[in-house]
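*Asks:* Residues per chain are reported as follows:
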Amino acid sequence: MAERVSNQSALTWFLQRITGILLAFFLVTHLNVHHLFHDITLEGIINFSGVRENLQASLWWKIYYIVFVPFIVFHALNGLWQIIADFRLKSRAAMIVKALFWILGITLVAVAIMTLSNLFGGGA
Amino acid sequence: MAIFKVFRYNPESYEIARFQEYEIPDTESMTVLEGLYYILENIDPTLAFRSSCREGVCGSCAMHINGEYRLACETQVSDMGHNVTIRPLAHMKIIRDLVVDLTPFFDNYEKIKPYLINSGPVPDKEFKQSPKERKRIDHHVDCILCGACYGSCPVLATDSAYLGPHALLKVLRFVDDSRDDAAYERLAYVATDYGIFRCHTIFNCQQVCPKDLDPTGAIGKLKMKAVKGKLLGKLKKTGT
Ligand code: FES
Chain V
1 MAERVSNQSA LTWFLQRITG ILLAFFLVTH LNVHHLFHDI TLEGIINFSG
51 VRENLQASLW WKIYYIVFVP FIVFHALNGL WQIIADFRLK SRAAMIVKAL
101 FWILGITLVA VAIMTLSNLF GGGA
Chain Y
125 MAIFKVFRYN PESYEIARFQ EYEIPDTESM TVLEGLYYIL ENIDPTLAFR
175 SSCREGVCGS CAMHINGEYR LACETQVSDM GHNVTIRPLA HMKIIRDLVV
225 DLTPFFDNYE KIKPYLINSG PVPDKEFKQS PKERKRIDHH VDCILCGACY
275 GSCPVLATDS AYLGPHALLK VLRFVDDSRD DAAYERLAYV ATDYGIFRCH
325 TIFNCQQVCP KDLDPTGAIG KLKMKAVKGK LLGKLKKTGT
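As you go down the protein sequences, you meet chains V and Y in turn. Heads up: the first sequence begins at 1 in our numbering, then just goes up one per residue. Heads up: the second sequence begins at 125 in our numbering, then just goes up one per residue.
The hints are simulated quantities; they were obtained by calculation from the structure and are not laboratory data. Fair warning: there could be bad hints in the mix.
Stated by the list, open to error - Stretch-level coverage of chain Y by chain V, calculated; a stretch enters the list once three of its residues show a Cβ under 8 Å from a Cβ in chain V:
(1) 278 to 292
(2) 307 to 318
Said to hold, decoys possible - List time: in silico DSS-like cross-link candidates among lysine-lysine, alpha-carbon distance up to 25 Å:
(3) Y:K352 - Y:K259
(4) Y:K352 - Y:K235
(5) Y:K217 - Y:K129
(6) Y:K249 - V:K90
(7) Y:K259 - Y:K249
(8) Y:K235 - V:K90
Nothing here was measured: the structure is a model prediction, and the numbers come from that model. Using N, Cα and C, we set each Cβ at its ideal position, and we do this for glycine too.
Extracted from the complex, chain Y is given alone in its bound form (with noise of 0.2 Å):
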């Protein structure tokens, strides 16, 4: 048996945040996601989560469980001492229970470009990168979006301009990504006291993370690359 102590919040009603406890018989080999939907199908309809592929790989159900963020379709009841305390993710709007309003860091992944520019003519059937080029970036593009990261990451509690980890993780996927060739533009974009630069190298991000990544180091080594640029007089500002 396990006790789960879930973190409900309406704002549209006038009921105030509070804990609520619930009590899962059978949790042998569950996860804290089959938890939740144990609840949700057996004894509170209400209750509200985001979940998806089940496996680790989409990234919804990211959350606080027991102190830490967590993904709750990777996290065993059992490794939990049976006593699973849930919150939201934390630095962004609860629309209700364990669901919370992903825009600012999906607006701040989008601010980042994340996608490869290439101003050199299209090749007829693909941009070649090899095996060696490929592995620099390999680490990197791991990232699921869950948002652990976001969540656990002090800056953002009081500055909602930061960039974010995940963000400037990406930005290191594509600085080092041997197909893309605005790695000034993107380091400019980043070289600022809302960007790398925010950074007090806490190491939550990386405590944190559910795929081992390690967002602190490529924090770190924008910086790095940012600093030799600057010095360099390479940075370059563009628009839009």
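Chain V with its partners taken away, still in its complex shape (with noise of 0.2 Å):
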């Protein structure tokens, strides 16, 4: 059993899971809130003013948001990860690709963030 790389991957499985179950929660969630049932609609469309008011609504909604958003992103970046490493890239074009991701998941997350406090702030 020579010495290999870290065991960082038990960490980033467990979090997949993690994440996977989560978001499940969120999905069913956003989905009740924002599509289905909920009446956030004006004169029965689902319009932005109606998504906005939900969202300056209450505390909730925004710690909601704020955690819904990384946790998508780590879940769907990793997964491609996971799909990409099966094909045993050398050691320079995996990194490579590794920080590719974390470039975007970092720039999604910042993008959605300042989104989401816009519309919390009632901005545009």
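Combine both chains into one complex, guided by the hints.
*Replies:* This is how it looks when you write it as structure tokens:
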């Protein structure tokens, strides 16, 4: 059993499961609130104002979306990385892909949080 | 009567790989392995395949028979509908016809140290184990290393560095063994993306195992143990 790389995969595997379970909860709640049952519509049509009013209504929704975004980004990018990793890239290529995923992930979360804070604050 | 369509390939000749058909006249109570022996002895002495015990113990005769990895010596021709298509195990170099180079398979097996590690003093007679402790490993020790799981695993199709279900099943066999005290060292070795975390829980290995073992389940258990070990900071990294 020669020494190999770290056991980081144990944590990413675990986090993938945890985020997966939480995303199921997030998704059901999101669909329930924004698309299916709750009346966030004006004259029966789901629209921007309805969604924004809902987001501004309580602290709970703010926390909800701030958590939802990084979870979904992590789950999606890590899942994609797991597929790519099946093809056993050379270590340099693997490092480049991982770095690109980190950049993409951080950018997506930043853009999402900026957009959300505008909505929370009542901006457009 | 049965028709055997057998994969033929000799890397040393210029002929391309092909399927060759053979007619076997009397197949009553005949196994696929006996059919292959019939071809070898009566029709085509150049056909190459592996076998030894002829009774499902040695694991040498695993091959791809009618869409599934099976032991040729335990597969009845009549169960195959008298049309039998045979290919070699996948993911390994073909040496000739149905004989593959098992080196990567056994190399991976060797890497997981498939023997007891006990740093305590060697007892006078034997390492004692209660029947209850023995029962925990009962199932896993039955693996005959036939390679059916290795051939059926789609992860190995793209990633030859993956240890494979055969090796990982054996890891659980030693992790669960009360006489072995290297559980965390073993877990640390396989808790990587060329070990248990490369497995996508596809269940092919479990489906094809001729001994009805459950490598997928074993890998699942190892994942849980590894995550627990990681969170408790117990996974040890060691040298060779
Ligand atoms: S010849 Fe030994 S298992 Fe089939």
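*Asks:* Each hint: holds or not?
*Replies:* Now for the hints, and whether the structure bears them out:
no. : hint            : in the structure
1   : 278 to 292      : holds (count 5)
2   : 307 to 318      : holds (count 8)
3   : Y:K352 - Y:K259 : holds (23 Å)
4   : Y:K352 - Y:K235 : holds (23 Å)
5   : Y:K217 - Y:K129 : holds (20 Å)
6   : Y:K249 - V:K90  : violated (50 Å)
7   : Y:K259 - Y:K249 : holds (21 Å)
8   : Y:K235 - V:K90  : holds (21 Å)
This entry does not satisfy hint 6, going by the numbered hints stated previously; all others are met.
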